[in-house]
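There are 2 protein chains.
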Amino acid sequence: MQLIDGKKVAAEIKTEIAAQVTELKNSGKKIPHLAAVLVGNDGGSETYVAHKVKACQEVGFKSTLLRYPDTISETELLKTVEQLNNDSDIDGFIVQLPLPKHISEHKVLEAINPAKDVDGFHPVNVGRMITGLPAFVSATPAGIVELLQRYQIETASKHVVVVGRSNIVGRPISILLSQKAKTGDATVTVCHSRTKNIEEITKQADIIIAALGIPEFLKANMVKEGAVVIDVGTTRVASDQTKSGWKLKGDVAFDEVAPKCSFITPVPGGVGPMTIVSLLKNTLLANSKLIY
Amino acid sequence: MQLIDGKKVAAEIKTEIAAQVTELKNSGKKIPHLAAVLVGNDGGSETYVAHKVKACQEVGFKSTLLRYPDTISETELLKTVEQLNNDSDIDGFIVQLPLPKHISEHKVLEAINPAKDVDGFHPVNVGRMITGLPAFVSATPAGIVELLQRYQIETASKHVVVVGRSNIVGRPISILLSQKAKTGDATVTVCHSRTKNIEEITKQADIIIAALGIPEFLKANMVKEGAVVIDVGTTRVASDQTKSGWKLKGDVAFDEVAPKCSFITPVPGGVGPMTIVSLLKNTLLANSKLIY
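Taken in sequence, the protein lines are chains A and B.
Add 231 to a position in the first sequence, counting from 1, and you land on the number used in my numbering.
Add 231 to a position in the second sequence, counting from 1, and you land on the number used in my numbering.
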């Protein structure tokens with residue numbers, strides 16, 4: 232069993248990106264600039280956005296954090312989006328989700344200029360990705376593809392079972408891995424809460440992507456010997472072993488599943504660190520103007 | 232075994248649409264107007280477009296056919312698209328594919344106003360469909376969903392195997408059927424040319440969607456007893472039994488597969504007639520302005 236070390240890979244990629252930023256600087260070109268919009272004070276969102284800003288600093292990007300109280304109106308937020316769309320210094324920006332209930336998330340996401348949509352959530356980017364056109368791919372699926380590539384895990388003609396059908400993970404990764412592509416060409420099954428006898432399907436998988444959001448859902452009896460297991464789950468569960476009073480739990484019962492695997496990602500330190508790196512890569516790509 | 236009679240269902244739906252058009256007329260509202268752009272003289276395209284125009288007449292829609300020689304430049308064609316986008320009398324329009332090689336299909340498709348994209352090929356419509364937002368769904372997958380509904384074929388918790396991963400059939404139908412929806416909630420596997428031991432997978436299917444484009448690919452030994460088989464294949468093969476010198480062949484070896492099925496679509500007369508009806512429904516929807 233080999234552990235897929237997302238933390239190590241993410242650090243390597245950050246070093247690569249930092250080198251590219253230095254090159255841009257040295258040749259007098261524009262430095263990538265990421266903006267993040269944070270509405271309200273949700274604890275998780277605060278942490279995520281802080282990590283994103285910190286990652287920008289580490290690789291030498293410019294970053295801007297725009298904070299608004301959760302009383303901001305939809306119209307005001309849409310105005311902010313419009314300003315960011317028109318600000319030529321900003322290459323890409325994200326609006327951290329979730330938004331307060333009085334604001335339509337899809338309206339806000341659809342208002343973002345697709346060329347600056349480094350989260351890859353705009354329908355144009357989703358649609359372009361699916362039809363095989365150049366597009367910003369959202370962070371988690373892009374991070375999973377990157378991990379499979381860096382560990383030289385073959386996907387062509389393999390049976391991949393994706394557990395979970397969310398718009399941000401399960402759906403896009405299922406599409407990417409079944410497309411005609413270097414890390415693709417897999418036979419892909421999407422399972423979800425309405426799937427019957429799920430273990431009969433996961434047991435056939437050469438590669439399992441667990442993205443259901445149920446801690447320790449995937450047990451040893453659901454996994455065939457030698458499988459590759461990618462754990463996307465990050466549920467906060469109460470813990471008396473940490474200062475914060477909680478710890479992250481994946482969707483995989485790691486201790487019992489790991490011995491059966493050829494490769495497995497831990498939680499934390501697997502897919503998680505890759506997501507921020509994917510965002511940085513998208514921002515670099517937005518700055519390069521290669522997609523739009 | 233019950234035959235799924237696409238021809239009959241399509242005729243029923245046309246009657247329903249015609250009644251809605253009469254209602255619109257009687258209440259002084261705007262009649263749906265579909266425009267079709269045909270470039271060149273490809274035999275297949277001529278036939279398809281002629282059928283679409285005829286169907287419009289049958290249900291009482293206005294229709295406009297714009298023909299151009301295959302020497303038209305990309306710029307000129309894009310100008311036509313722009314004119315149709317701005318013509319307030321036209322509710323929806325299609326650009327018949329394939330286009331001549333000197334014209335970028337995706338550039339033309341992306342130039343269409345998504346609100347008039349009744350073929351549902353614009354990335355915005357693909358992306359919105361995938362993220363569960365209101366969207367124009369392309370004709371063939373929409374027609375398949377309609378057939379399953381009209382024959383009350385349950386999809387929830389069923390295992391659907393889609394053979395083929397094309398942007399216009401395999402990919403979208405695989406997504407629609409696995410989404411949380413009335414005709415959805417299935418566990419879906421996408422197989423394709425790189426799938427190994429494909430019969431081991433198709434044999435598990437409660438519902439098989441054959442959309443590979445290889446005549447009589449799906450044989451009896453690949454289908455489990457009682458399965459539902461939807462045949463999307465429409466390959467023209469030489470025939471000395473028809474006036475035209477060719478006939479349509481599906482992707483299913485009908486004679487040997489049909490006896491094992493609970494339901495099966497014939498070719499012709501199965502999915503085919505449904506595609507034009509889906510286009511009509513999208514045009515009616517565009518006219519209603521309910522999506523955009």
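A couple of the hints might just be wrong.
Copies of the same chain are indistinguishable here, so a pair counts whether it falls within one copy or spans any two.
Dumping the calculated DMTMM-like pairs for lysine to aspartate or glutamate here, alpha-carbon to alpha-carbon at most 20 Å [stated by the list, open to error]: (1) Lys238 to Glu487; (2) Lys245 to Glu377; (3) Lys427 to Asp320; (4) Lys491 to Asp236; (5) Lys411 to Asp320; (6) Lys455 to Glu431; (7) Lys389 to Glu431; (8) Lys434 to Glu487; (9) Lys389 to Glu430; (10) Lys260 to Asp320; (11) Lys285 to Glu247; (12) Lys427 to Glu385; (13) Lys450 to Glu431; (14) Lys491 to Glu385; (15) Lys310 to Glu430; (16) Lys338 to Glu447; (17) Lys480 to Glu243; (18) Lys480 to Asp320; (19) Lys261 to Glu341; (20) Lys427 to Glu456; (21) Lys478 to Glu385; (22) Lys474 to Glu456; (23) Lys245 to Glu289.
It should be emphasised that the hints constitute simulated quantities derived from the structure, not laboratory data.
On a predicted model such as this, the values are computed, not experimentally measured, just so you know.
Results for each hint:
no. : hint             : verdict
1   : Lys238 to Glu487 : neither (22 Å within a copy, 54 Å between copies)
2   : Lys245 to Glu377 : within (13 Å within a copy, 49 Å between copies)
3   : Lys427 to Asp320 : neither (51 Å within a copy, 49 Å between copies)
4   : Lys491 to Asp236 : within (18 Å within a copy, 49 Å between copies)
5   : Lys411 to Asp320 : neither (36 Å within a copy, 40 Å between copies)
6   : Lys455 to Glu431 : both (10 Å within a copy, 17 Å between copies)
7   : Lys389 to Glu431 : both (17 Å within a copy, 13 Å between copies)
8   : Lys434 to Glu487 : within (15 Å within a copy, 31 Å between copies)
9   : Lys389 to Glu430 : both (18 Å within a copy, 15 Å between copies)
10  : Lys260 to Asp320 : within (12 Å within a copy, 48 Å between copies)
11  : Lys285 to Glu247 : within (17 Å within a copy, 59 Å between copies)
12  : Lys427 to Glu385 : between (28 Å within a copy, 14 Å between copies)
13  : Lys450 to Glu431 : within (12 Å within a copy, 24 Å between copies)
14  : Lys491 to Glu385 : within (18 Å within a copy, 36 Å between copies)
15  : Lys310 to Glu430 : neither (48 Å within a copy, 54 Å between copies)
16  : Lys338 to Glu447 : neither (35 Å within a copy, 46 Å between copies)
17  : Lys480 to Glu243 : neither (25 Å within a copy, 53 Å between copies)
18  : Lys480 to Asp320 : neither (39 Å within a copy, 56 Å between copies)
19  : Lys261 to Glu341 : neither (27 Å within a copy, 29 Å between copies)
20  : Lys427 to Glu456 : between (22 Å within a copy, 19 Å between copies)
21  : Lys478 to Glu385 : neither (32 Å within a copy, 41 Å between copies)
22  : Lys474 to Glu456 : neither (37 Å within a copy, 58 Å between copies)
23  : Lys245 to Glu289 : within (8 Å within a copy, 61 Å between copies)
Going through the hint list in order, the structure does not satisfy hints 1, 3, 5, 15, 16, 17, 18, 19, 21, 22.
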